[in-house]
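K.L.:
Listed below, chain by chain, are the residues.
Number of protein chains: 2
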Amino acid sequence: MGKGVHVQDLPGVGKRYDIDLGRPDQRISVIMRSGGVRDLYVFATASAEPTAVIELTEEQARKVSAVLSATFFES
Amino acid sequence: MGKGVHVQDLPGVGKRYDIDLGRPDQRISVIMRSGGVRDLYVFATASAEPTAVIELTEEQARKVSAVLSATFFES
Numbered sequence: 000m001g002k003g004v005h006v007q008d009l010p011g012v013g014k015r016y017d018i019d020l021g022r023p024d025q026r027i028s029v030i031m032r033s034g035g036v037r038d039l040y041v042f043a044t045a046s047a048e049p050t051a052v053i054e055l056t057e058e059q060a061r062k063v064s065a066v067l068s069a070t071f072f073e074s
Numbered sequence: 000m001g002k003g004v005h006v007q008d009l010p011g012v013g014k015r016y017d018i019d020l021g022r023p024d025q026r027i028s029v030i031m032r033s034g035g036v037r038d039l040y041v042f043a044t045a046s047a048e049p050t051a052v053i054e055l056t057e058e059q060a061r062k063v064s065a066v067l068s069a070t071f072f073e074s
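Same order as they appear, the protein sequences are chains A and B. Heads up: the first sequence is residues 0 to 74, going by numbering that gives the first Met the number 0. Heads up: the second sequence is residues 0 to 74, going by numbering that gives the first Met the number 0.
I should point out that these hints are in silico values taken from the structure, not numbers from a laboratory. All residues carry an ideal CB built from backbone N, CA and C; glycine is no exception. Keep in mind that the hints are not guaranteed to be accurate.
Derived, one-sided and incomplete: chain A residues facing chain B with beta-carbon distance under 8 Å [unchecked claim]:
id, residue
1, L9
2, I53
3, K62
4, L67
5, A69
Chain B is nowhere near these chain A residues, computed Cβ spacing over 10 Å in every case [unchecked claim]:
id, residue
6, P10
7, G11
8, V12
9, P23
10, G34
11, A45
12, A60
Full structure from sequences and hints, please.
P.N.:
Written as structure tokens, this is what we have:
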């Protein structure tokens, strides 16, 4: 599963995960901050500037994660 | 976990999940297509138009999901 994900330590901040989607104009990066907050960077163009940035709490990130992996169930 | 996620059937397409992030200018929607492809819609403004749209294969979506839930491990 590690294929296509580049992980980088950000000292004092956390870890950065760059997820390769096989296209220069479709990239997703996640900064996992030490406190649990995730910054989701979405690149929908080939630019180095993200198209959208969303800050997620740990709980929100788990919700998005569950939907994406199809393990989300309505309660 | 269902709290804050609105699920809607899209007949002939799949399912749409709207994930409430508690702010009108930060929303994420996922369209889970019947074939497994996921369309990730990121709204980083209060507009009804998505700021970024990314198409993910099932494998790519699982990768993003694992990173977001902190269950991603380098192999």
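K.L.:
Hint by hint, note whether the structure agrees.
P.N.:
Hint check results:
With a cut of 8 Å, the hint placing L9/A at the interface with chain B is violated, because the nearest CB-to-CB distance is about 14 Å. Restraint check, I53/A versus chain B: the minimum CB separation of about 6 Å is within 8 Å; hint holds. For K62/A, the interface hint holds, the least distance from its beta-carbon to any beta-carbon of chain B being 6 Å, beneath 8 Å. The beta carbon of L67/A comes within 4 Å of a beta carbon in chain B, closer than 8 Å, and the hint placing it at the interface holds.
For A69/A, the interface hint holds, the least distance from its beta-carbon to any beta-carbon of chain B being 7 Å, beneath 8 Å. Under the 10 Å C-beta cut-off, the non-interface status given to P10/A relative to chain B holds; the minimum distance is some 18 Å. For G11/A, the shortest C-beta to C-beta distance to chain B comes to about 19 Å, beyond the 10 Å cut-off, and the non-interface label holds. No Cβ of chain B comes within 10 Å of the Cβ of V12/A; the nearest lies about 15 Å off, and the non-interface call holds.
Against chain B, the non-interface label of P23/A holds: every CB pair exceeds 10 Å, the least being about 13 Å. Taking the minimum C-beta to C-beta distance to chain B, about 12 Å, the non-interface status of G34/A holds against the 10 Å cut. The claim that A45/A lies off the interface holds: its Cβ sits roughly 13 Å from the closest Cβ of chain B, which is beyond the 10 Å cut-off. Under the 10 Å C-beta cut-off, the non-interface status given to A60/A relative to chain B is violated; the minimum distance is some 4 Å.
Violation of the numbered hints given earlier is confined to hints 1 and 12; the remaining hints are satisfied by the structure.
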